[in-house]
Every structure is written in C-alpha cells, then in structure tokens.
Amino acid sequence: MELRKRLLAWYGRKKRDLPWRRTSDPYAIWVSEIMLQQTRVAAVVPYYERFLARFPDVCALATAPLDDVLAQWSGLGYYRRARHLHAAAAIVARDGFPGTAKELRALPGIGAYTAAAIASIAFGEAAAVVDGNVERVVCRLAAGDLTKREIGERAQAWISPRSPANFNQALMELGAIVCTPRSPSCPRCPLREFCATRSDRWPTPRKRAAPIDKRVEVVFATRGGRVQLLRRSGTALLDGMWELPSGKQTDGDVLATVKHGVLNQRLSYRVWPGRRTAAGARWFTVREVGELPLTTAARKCLKAVGFLP
DNA sequence: AATCCGGGGTA
DNA sequence: TACCCAGGATT
Numbered sequence: 300m301e302l303r304k305r306l307l308a309w310y311g312r313k314k315r316d317l318p319w320r321r322t323s324d325p326y327a328i329w330v331s332e333i334m335l336q337q338t339r340v341a342a343v344v345p346y347y348e349r350f351l352a353r354f355p356d357v358c359a360l361a362t363a364p365l366d367d368v369l370a371q372w373s374g375l376g377y378y379r380r381a382r383h384l385h386a387a388a389a390i391v392a393r394d395g396f397p398g399t400a401k402e403l404r405a406l407p408g409i410g411a412y413t414a415a416a417i418a419s420i421a422f423g424e425a426a427a428v429v430d431g432n433v434e435r436v437v438c439r440l441a442a443g444d445l446t447k448r449e450i451g452e453r454a455q456a457w458i459s460p461r462s463p464a465n466f467n468q469a470l471m472e473l474g475a476i477v478c479t480p481r482s483p484s485c486p487r488c489p490l491r492e493f494c495a496t497r498s499d500r501w502p503t504p505r506k507r508a509a510p511i512d513k514r515v516e517v518v519f520a521t522r523g524g525r526v527q528l529l530r531r532s533g534t535a536l537l538d539g540m541w542e543l544p545s546g547k548q549t550d551g552d553v554l555a556t557v558k559h560g561v562l563n564q565r566l567s568y569r570v571w572p573g574r575r576t577a578a579g580a581r582w583f584t585v586r587e588v589g590e591l592p593l594t595t596a597a598r599k600c601l602k603a604v605g606f607l608p
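As numbered in our numbering, residues 300 to 608 make up the first sequence, in order.
I should point out that these hints are in silico values taken from the structure, not numbers from a laboratory.
Heads up, some of the hints might be wrong.
List time: in silico DMTMM-like cross-link candidates among lysine to aspartate or glutamate, alpha-carbon distance up to 25 Å [as the list claims (entries may be wrong)]:
1. Lys313 <-> Glu492
2. Lys401 <-> Asp356
3. Lys314 <-> Glu348
4. Lys599 <-> Glu492
5. Lys602 <-> Glu516
6. Lys314 <-> Asp499
7. Lys401 <-> Glu424
8. Lys401 <-> Asp366
9. Lys314 <-> Glu301
10. Lys599 <-> Asp367
11. Lys599 <-> Asp366
12. Lys602 <-> Asp512
13. Lys447 <-> Asp499
14. Lys506 <-> Glu590
15. Lys304 <-> Asp499
16. Lys513 <-> Asp538
17. Lys447 <-> Glu434
18. Lys314 <-> Asp394
19. Lys558 <-> Glu492
20. Lys314 <-> Glu434
21. Lys602 <-> Asp538
22. Lys401 <-> Asp324
23. Lys599 <-> Glu348
24. Lys447 <-> Glu424
25. Lys558 <-> Glu516
26. Lys313 <-> Asp512
27. Lys313 <-> Glu348
28. Lys447 <-> Asp512
29. Lys558 <-> Asp538
30. Lys558 <-> Glu590
31. Lys313 <-> Asp499
32. Lys506 <-> Glu492
33. Lys304 <-> Glu434
34. Lys506 <-> Glu424
35. Lys599 <-> Glu516
From just these sequences and the hints, can you work out the full model?
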C-alpha cells in the first residue's frame, strides 16, 4: 500500500530522537509506554530517565518498595499506573516477560493500546495501536467520527507486517507533530493525498464540565529545619501521597493554584503558619522530602515558601 | 457507555 | 479558557 510507504519514509526522515527509541529492552519500552499514557512526551522524558536509572531492570522494580516507586512517579499523575507497574513487575519477575500482545494484556495497567505498543515495538508483532493520535489521523483521513473499532480495523489493514514497530510509531508521530488537534500542518503531511479532510475538522471535540473553584487551607509548620507532612490514607484520590496538613483558615497568602485536570477543579492553596504537630503527621528534612511521593500541590507549596529548591 | 483518575502544555 | 495528551479500570 502506498500510504504505508509514504508514512514509513516520512518517519525515517522526521522522527524525533526519543530515549525509548534508543533501546530494544522490552522492560524499558514497557516503562515508557506506561508513562506515556495520557501524558505528553516532553513531560515523560525526564521521568523516564530517572526511573530507569533507579530501577534498571524488572527485578530492581519488583523488589523495590512501592513508596520508592511512587516517589519516582511523584508529579507525573495517574498514580495507579505506578501501582500497577509495580505489581506487574512482580509477576514478570516470577513468570518471565510476556512475548505477545494477548499475554501482555493480562498484566495490570496494560490495556489494548499498551499491549499492542509493547508487542509491536519490542517483539515485532503486527498489532496496530489505537491511541489519541491514531484516532485523530484516521478520522481525518476518512473525514468522519469513526468508532474505535473502525479505527482499529483501518490501522490493522494498513500496518506493515515487516516493520510494525515503525508503522505504529509513525502514525502516532504524525498525529503528534503534523496532524495536530488544532491547526494541523497539512501542506507538509506525507498523507495529504490520501486525506479527505485536510483541516482540524475531525474528530468532533468532546465537551466537558465547567471547572469548579475550591479553596484549600494548609498548615506549613517547620521545626528545626524539618517540615510537617501528612500521609493521605483511605482516599480514592492520591492515596498514600504526602501533603501539607489541612488547617483552619485565618489569614495568609495564597501559596499556589493547582488545576486538577480530571477533577476539573482549580484549587487555591493558602498557608496557615502552624507550630503544633497535627494528628498523624510526621516531620521531614529537605533531603527526606525529596524521597517522598509528594502531591504536586504540596511540592508547589513547599517551593513557594522556599523549603524546597 | 460513562466516569474516574493528575498534571501540564498550548492556542 | 478549553482542549488534549503514545489509556486503563471500574461501574
């Protein structure tokens, strides 16, 4: 198929130099794919490199405490990914690395996309991936809101049996740097002659709820160079992460505003200088805080008051 | 099929 | 501000 050739040729010329494209280690590719779930490439790169330096292979990850894994993940979001990755590492360390998409799919945290991505990139299996980029590119080629099933069928029909890894990555790369959500660069698209849209008309944007404003008061208490932190427990959101204890607002300055994308909330944090130890709180030095799974809000607050660099 | 799960980039 | 990002699990 001509479309395939054009796409692969373009990818060969224009692909970005990304760290996970420099390895053939299935474990490293797996880690990258988990981190890339709903997370931009630019945000993942530093996390990926730190994570692999800390947990260089499946065994290192499987035997590490979950808190260490969460600490490495702190700030990346979707912490269930880290929990699933850690749990799956134990399974892989025991049973070996699954060699097919079907087997990969059985691991926690690996769905249809990630199974196909790892199988194709690490093992050369001709399994088409469908992510946000592929959805957009295929919908535009067809000029319509195709179902996920239809998109998958088309991608599977186009995929190169010789180099499925390059084909999958090429389709995603095209969506990421040419066929972008808004203002796509149609004139320099290798697939323009196959495209029925040549604009950003498809797919139809999905509407969302209006953001909710919320105010949060936190206690910033220091004692002998230590700061008081509380571990969230029994919460669906950010369970196990460390944050500043909550306090009654009297007066003070706004430390940070954090937008929670999924919760669709804008949270304004205010400081309440405190001295006493809150129930269940613990005191940490700067060095210790660096090794904790902190919420992003807590990280921003601690930076704003100069406790963290 | 809907909803939940983080955080950040971008126009 | 609104939308989206190399999605998965749960209901």
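Verification of the hints:
no. : hint              : verdict
1   : Lys313 <-> Glu492 : holds (19 Å)
2   : Lys401 <-> Asp356 : holds (22 Å)
3   : Lys314 <-> Glu348 : holds (19 Å)
4   : Lys599 <-> Glu492 : violated (48 Å)
5   : Lys602 <-> Glu516 : holds (16 Å)
6   : Lys314 <-> Asp499 : holds (22 Å)
7   : Lys401 <-> Glu424 : holds (11 Å)
8   : Lys401 <-> Asp366 : violated (30 Å)
9   : Lys314 <-> Glu301 : holds (19 Å)
10  : Lys599 <-> Asp367 : holds (20 Å)
11  : Lys599 <-> Asp366 : holds (20 Å)
12  : Lys602 <-> Asp512 : holds (22 Å)
13  : Lys447 <-> Asp499 : holds (19 Å)
14  : Lys506 <-> Glu590 : violated (38 Å)
15  : Lys304 <-> Asp499 : holds (24 Å)
16  : Lys513 <-> Asp538 : holds (20 Å)
17  : Lys447 <-> Glu434 : holds (7 Å)
18  : Lys314 <-> Asp394 : violated (35 Å)
19  : Lys558 <-> Glu492 : violated (41 Å)
20  : Lys314 <-> Glu434 : holds (19 Å)
21  : Lys602 <-> Asp538 : holds (22 Å)
22  : Lys401 <-> Asp324 : holds (19 Å)
23  : Lys599 <-> Glu348 : holds (22 Å)
24  : Lys447 <-> Glu424 : holds (20 Å)
25  : Lys558 <-> Glu516 : holds (15 Å)
26  : Lys313 <-> Asp512 : violated (42 Å)
27  : Lys313 <-> Glu348 : holds (23 Å)
28  : Lys447 <-> Asp512 : violated (34 Å)
29  : Lys558 <-> Asp538 : holds (18 Å)
30  : Lys558 <-> Glu590 : holds (24 Å)
31  : Lys313 <-> Asp499 : holds (21 Å)
32  : Lys506 <-> Glu492 : violated (31 Å)
33  : Lys304 <-> Glu434 : holds (20 Å)
34  : Lys506 <-> Glu424 : violated (36 Å)
35  : Lys599 <-> Glu516 : holds (14 Å)
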